[in-house]
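> Using the sequences and the accompanying hints, generate a full structural model.
2 protein chains.
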Amino acid sequence: MSYANYRARTCAKQKSAYESSLFAGAILELPFSFYVGIDGGGTNCRARLYDAKGNVLVEGQSGPANVRLGFDVAWHNIIEATNQCLVKNGLEADNFSRVAIGIGAAGVSSKQVCSAFQECAPNFGYINISSDAHIACLAAFDGKDGGIIISGTGSCGYAILGNKAHQIGGHGFELSDHGSSAALGRAALKACLLAYDGIGPCTDLTNFLLSEFGGKPSDVVAWVKTAKPKDYGKFAPIIMDFADKGDEVARNLAATAAQDLERIIYRLNQLGAEKICMVGGMAQRLAQWLAPWTKPILAAPKFDPTYGAYLLAKGANNGFNGKGK
Amino acid sequence: MSYANYRARTCAKQKSAYESSLFAGAILELPFSFYVGIDGGGTNCRARLYDAKGNVLVEGQSGPANVRLGFDVAWHNIIEATNQCLVKNGLEADNFSRVAIGIGAAGVSSKQVCSAFQECAPNFGYINISSDAHIACLAAFDGKDGGIIISGTGSCGYAILGNKAHQIGGHGFELSDHGSSAALGRAALKACLLAYDGIGPCTDLTNFLLSEFGGKPSDVVAWVKTAKPKDYGKFAPIIMDFADKGDEVARNLAATAAQDLERIIYRLNQLGAEKICMVGGMAQRLAQWLAPWTKPILAAPKFDPTYGAYLLAKGANNGFNGKGK
Numbered sequence: 017m018s019y020a021n022y023r024a025r026t027c028a029k030q031k032s033a034y035e036s037s038l039f040a041g042a043i044l045e046l047p048f049s050f051y052v053g054i055d056g057g058g059t060n061c062r063a064r065l066y067d068a069k070g071n072v073l074v075e076g077q078s079g080p081a082n083v084r085l086g087f088d089v090a091w092h093n094i095i096e097a098t099n100q101c102l103v104k105n106g107l108e109a110d111n112f113s114r115v116a117i118g119i120g121a122a123g124v125s126s127k128q129v130c131s132a133f134q135e136c137a138p139n140f141g142y143i144n145i146s147s148d149a150h151i152a153c154l155a156a157f158d159g160k161d162g163g164i165i166i167s168g169t170g171s172c173g174y175a176i177l178g179n180k181a182h183q184i185g186g187h188g189f190e191l192s193d194h195g196s197s198a199a200l201g202r203a204a205l206k207a208c209l210l211a212y213d214g215i216g217p218c219t220d221l222t223n224f225l226l227s228e229f230g231g232k233p234s235d236v237v238a239w240v241k242t243a244k245p246k247d248y249g250k251f252a253p254i255i256m257d258f259a260d261k262g263d264e265v266a267r268n269l270a271a272t273a274a275q276d277l278e279r280i281i282y283r284l285n286q287l288g289a290e291k292i293c294m295v296g297g298m299a300q301r302l303a304q305w306l307a308p309w310t311k312p313i314l315a316a317p318k319f320d321p322t323y324g325a326y327l328l329a330k331g332a333n334n335g336f337n338g339k340g341k
Numbered sequence: 017m018s019y020a021n022y023r024a025r026t027c028a029k030q031k032s033a034y035e036s037s038l039f040a041g042a043i044l045e046l047p048f049s050f051y052v053g054i055d056g057g058g059t060n061c062r063a064r065l066y067d068a069k070g071n072v073l074v075e076g077q078s079g080p081a082n083v084r085l086g087f088d089v090a091w092h093n094i095i096e097a098t099n100q101c102l103v104k105n106g107l108e109a110d111n112f113s114r115v116a117i118g119i120g121a122a123g124v125s126s127k128q129v130c131s132a133f134q135e136c137a138p139n140f141g142y143i144n145i146s147s148d149a150h151i152a153c154l155a156a157f158d159g160k161d162g163g164i165i166i167s168g169t170g171s172c173g174y175a176i177l178g179n180k181a182h183q184i185g186g187h188g189f190e191l192s193d194h195g196s197s198a199a200l201g202r203a204a205l206k207a208c209l210l211a212y213d214g215i216g217p218c219t220d221l222t223n224f225l226l227s228e229f230g231g232k233p234s235d236v237v238a239w240v241k242t243a244k245p246k247d248y249g250k251f252a253p254i255i256m257d258f259a260d261k262g263d264e265v266a267r268n269l270a271a272t273a274a275q276d277l278e279r280i281i282y283r284l285n286q287l288g289a290e291k292i293c294m295v296g297g298m299a300q301r302l303a304q305w306l307a308p309w310t311k312p313i314l315a316a317p318k319f320d321p322t323y324g325a326y327l328l329a330k331g332a333n334n335g336f337n338g339k340g341k
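Taken in order, these protein sequences are the chains called A and B.
Quick note on numbering: the first sequence equals residues 17 to 341 in my numbering.
Quick note on numbering: the second sequence equals residues 17 to 341 in my numbering.
If you are wondering where the hints come from, they were derived from the structure by calculation, not from laboratory data.
On a predicted model such as this, the values are computed, not experimentally measured, just so you know.
Backbone N, C-alpha and C define an ideal beta-carbon position, used for all residues, glycine too.
Take every hint as true, because none was put in to throw you off.
Not close to chain A: a few residues of chain B, all C-beta gaps over 12 Å, as computed:
#1 Leu73
#2 Gln77
#3 Glu96
#4 Lys104
#5 Asp161
#6 Lys246
#7 Leu314
Selected chain A positions facing chain B (in silico; Cβ < 8 Å):
#8 Gly185
#9 Ser192
#10 Leu209
#11 Arg283
Here it is, written out as structure tokens:
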């Protein structure tokens, strides 16, 4: 069944089901048979089905569920991944009324976006939506207080402290996302052009990067016209390899990225996050460059983000109920 | 007459006229009656008509002549501004065979672009094309050796030294153009978001900038999705005003922009440019922030860029004849 059909059929039902079950704070006590946790990222959407006792039953996976790609795309993939779980578990597809669902989706950046996205939902028995950062933070500390830094293609600091959510950074590639693979890649290309012009250090890294563009700065300039953050981010592992080998420019880039993350760690800690987990594809490599004072604060996440989405399905605070930022 | 008609009528003639008159280095001795200098910028195109003795006769002006807007647009506006000159001087429009024209156009960044652009020219008696930076440098030193830094919406260092042209920086807004109004505006918005997140200093400037977006970082993030360099650049005069008043963040931004320009000054000087002229809308304001060692090197330009285009029309080296970069 298409997303449009879902909506036509279920919109009226959904609202009343949602309104009757909405609350904030404590864990939901409604007797649902099944709980689904959704980790909706920009590349794919992961779903995990739990029973009422919290046992993991099955998992599903589909395409991207970043709401910036459009609510239709996101819902289509969330429904697809959820139905995979239901069918794998011997249940009927589309039978959502017995299911409590928790969704953490990339791009859910405000209460307004959250509400608008939820308006388009099919008739789940209960639904609770937040951002990908929120479920990662819920999961990392099993619903208790703590902070995370996501360092992947982009970056973002996030903390849940006394039922209040705090976001630091993560305002996008153009002006923010310091300490991400995309920011690192862009900084390296800048350094590469400075080296070419003789106004910055010329090293193995800058020579390598320029050689990737046939030795022609004009090809670098042409490339950036259409480059996306993930394109810049592809250079990040190479830059970190050069840094490990002692390349001066690469070391400076890695150190600057680490300092950017340190500022976020300091701020989250200052706000009250006693422990902070580094997550995302760049976390491991940049963590090695962090100053010693960060070590006692850093912790390993307890669970993966899909588990945080399950906590949302169980009624955990979604950060958008007036108590959040 | 449309540009397309020009081309159909004149293309064959043009090539032979051009090929017979092409040479490099010294000043042209062909006995033209009129010389036109064209300063083709991204906002408008200025033309100036000179007689064979070098007297200024009249001027014309039309729309943008940045070749990145398309060769048709650029040629249309160059022809328009040139014909204004001819008609004002009592001559016949489109009668270009008696005219030697020199053109400095924004976006003429390589010999390839220069040649392709020239292929589309109508039948001038003589034609010589280069970049906007090249004519600004020719004009600043009356055709002799020297360097310039253009600091406007973008930035670029340029020097003509012993018949060889050198460009430093100016690789575009995404990765380069340090010390320009656009780069300054972007850096200020970054500082504004850092202040909002509590991970950078919060000052009158950062408060002012955030208030320009209704106090909402999400509105800053939405704005940058479509912002052009000139949009970022609009904040530059305000930032410099705050810097003059002693605002900490604004002072740091101005000092960083000045340091970026100092690196270009140092490099051009190292390459052999004994004197360097600062030109463009940001030049005056940022020059005040430069380190004292730059003062003996800096000079005022002798002439405006249109005069540099006239020197091209007289046969000055265009920087694209194999001796240039």
